[in-house]
Amino acid sequence: MVAYKCARCKQLVEIGTNIRCPYCGHRILFKARGAGTKELKAR
Amino acid sequence: MEKKMARVFVDGALIGKVDDAFGFTRNFRQMRRSGHVSTEVNISYKDYSNEIVINTDRGRARRPLIVVENGVPAVTPEDIEIVRSGAEDFMALVSQGKIEFIDAEEEDDLFIAVQESDLTPEHTHLEIDPSLILGIGAAHVPFPEHNASPRVTMGAGMIKQALGFAQANMKLRPDTRGHMLHYAQVPMVHTQAAELIGSDNRPQGQNFCVAIISYEGYNIEDALIFNKASVERGVGRSHFFRTYEGEERRYPGGQVDRIELPEEDVQGSHGIGSYANLDVDGIINPETVVNEKDVLIGKTSPPRFLEEPTGELIAVEKRRDTSITMRSNETGIVDTVIITESENSSRLVKVRTRDLRVPEIGDKFASRHGQKGVCGLITPQENMPFTAAGIAPDLVINPHAVPSRMTIGHMLEMIGGKAGALEGSRVNATSFRKTQVEKIFDSSFAQERLLNDKENGKDVKSSTLTREQVLRHQLAEAGFAHTGREVMYDGITGRRFQADIYMGVIYYQKLYHMVSTKMHARSRGPVQVLTRQPTEGRAREGGLRFGEMERDVMIGHGAAMALKERLLDESDAVKQYVCARCGMVAMYDAKQKMTRCLACGAETDIYEVEMSYAFKLLLDEMKSMGIAPRLRLEDMV
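Chains as they are written, first to last, in my numbering: chain A, 1 to 43; chain B, 1 to 637.
Just chain A, with the same shape it has in the complex (with noise of 0.2 Å):
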């Protein structure tokens, strides 16, 4: 499942056919950074 973060309260949050925050109602929702390792060159 993909997780979504709410911009103003915080929590993690699953999104259906509405986007919005169940806890808070907002409606703005970051995609959450996956816990992958990432390689990146130093310059």
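Result set (EDC-like, lysine to aspartate or glutamate): computed pairs, CA atoms no more than 20 Å apart in a straight line:
#1 A:K5 <-> B:E287
#2 A:K5 <-> B:E341
#3 A:K5 <-> B:D335
#4 A:K41 <-> B:D335
#5 A:K41 <-> B:E232
Derived CB-CB ranges, DEER-like:
#6 A:R43 <-> B:Y577: 53 to 63 Å
#7 B:G390 <-> A:T37: 38 to 48 Å
#8 B:K293 <-> A:T37: 21 to 31 Å
#9 B:F90 <-> A:A35: 50 to 60 Å
#10 A:K10 <-> B:F90: 38 to 48 Å
Hints in this document: simulated from the structure, not taken from any laboratory.
If you're wondering where the values come from, they're calculated on a predicted model, not measured in any experiment.
Positions of the beta carbon are idealized from the N, C-alpha and C atoms, including for glycine.
Fit chain B to the known structure of chain A by using the hints.
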């Protein structure tokens, strides 16, 4: 002859006439100063058209000036003391008619003194501060009165192009595009206007240690030599942000876009590999490294035209791929992914990408004195010139940049920055300023030290030193040459330079013209649908225009085949069948495998002719207007 009555306009509308225009205007201003007319109204008498223009509408830029009567300013030192003590505010002076806000129209009628010492009985107004004659851009330039005026204008223009720390809520903003400079610093040498505007809270540059010396020819034509160690420590480093948007639109008939992982069989699919970065929701994950044309938001749209049912089975509608992809020539890392609802209550996804921009050859930098340049070389610190103390500059500029441009302000800022850095204090370089000597430095410690100094046995305070002399004095006090020059050694040979090298600290700005956003070349690529000529512009992977003047050069050289190659073979060459009898474009009937003229039929002479597609288009457009262009064919020699 008696003068005609003057027409009076209020906000552009004619409302009447007056016979004594001068008297009317004078009385009007008197009434404004005495509070009988609003201070927000401006009046001007246009002698050449015998019109009085009164403006009261919103949106006029107005600026405050001190009222002068009989050569004496209305604002007295007592008034200034009262405002300074807080007993009254600035606007009290406006309502008392001692200071007026003047718009551009009324300014035409006035005689404004820049300094109090310039006042004569003819003057009507006095500037509150001489530096207020400059606009916001020019007011940021330190020591502008020492520069040639075009350079101040250029400096003012380039300040607007500088990257900096323009917004503090960068993490949350989904701006379409934006830059952010890393390690932005407040300028060592600054102006009062910049301070009042708040530029110190949103700085847009860094203090560079700069040496003025030629370097192996890599800094000719205003090129800049950067110290690689400085670049690696963060000089001129910035981030570029761009936000991409995708929305689930609704169409008439209940059709909707869908943000999803597109199926393989959608029309116009980017290919299965392109969607590898997408999550199951069809949206890319934050912190994914993305390259040009990579898909960020997977999206499908309904077909443009609903298909008719064929036979017994209803045709399965094929959705179109309308995924949002990275622009060509742009790479980065996905920074933030925002999912929200648009004003139509449909799903809206915004993906912001970031791209680290480390200074590279071709990036543009400028000081605040119109001294701009492009990075020509980033050289290791061990190859940079260095001082006896072992200091290597961050930047090397060419000595030829100075004499012809006469940017003495640039040289003074270098001395000022150096003295300020040694003194541990910022330096005030506001224009036309005759302040107390010690006020040149911001820090009270530096001010106090300066007051205790002696210049040729005299107290610095009581001397009449200019700002330049004070800064030179402080350099000498710190053990440096008052000239700003230093003994330096060649980093490559280790030999001492014969001449002493001018070196100092100066504020440099990274401008948003970066080579990575401009670099472009094309071998093959897309063509326009209408003309079949190569597309135009970097964003469309376009060709480089071979224009009329380039054409002239080729003709001048007699290079006919090279010209044909550019204008025809590498552009929109087509082979068309032409009917030799009627001279119209014929056709090839693929079914019958034969050529045919639509006017003369198959029994005619048809030849293949090479022409530009734009010419064929011209023939078609002429036909559409009822003109029949006919080609007369001849044998090729």
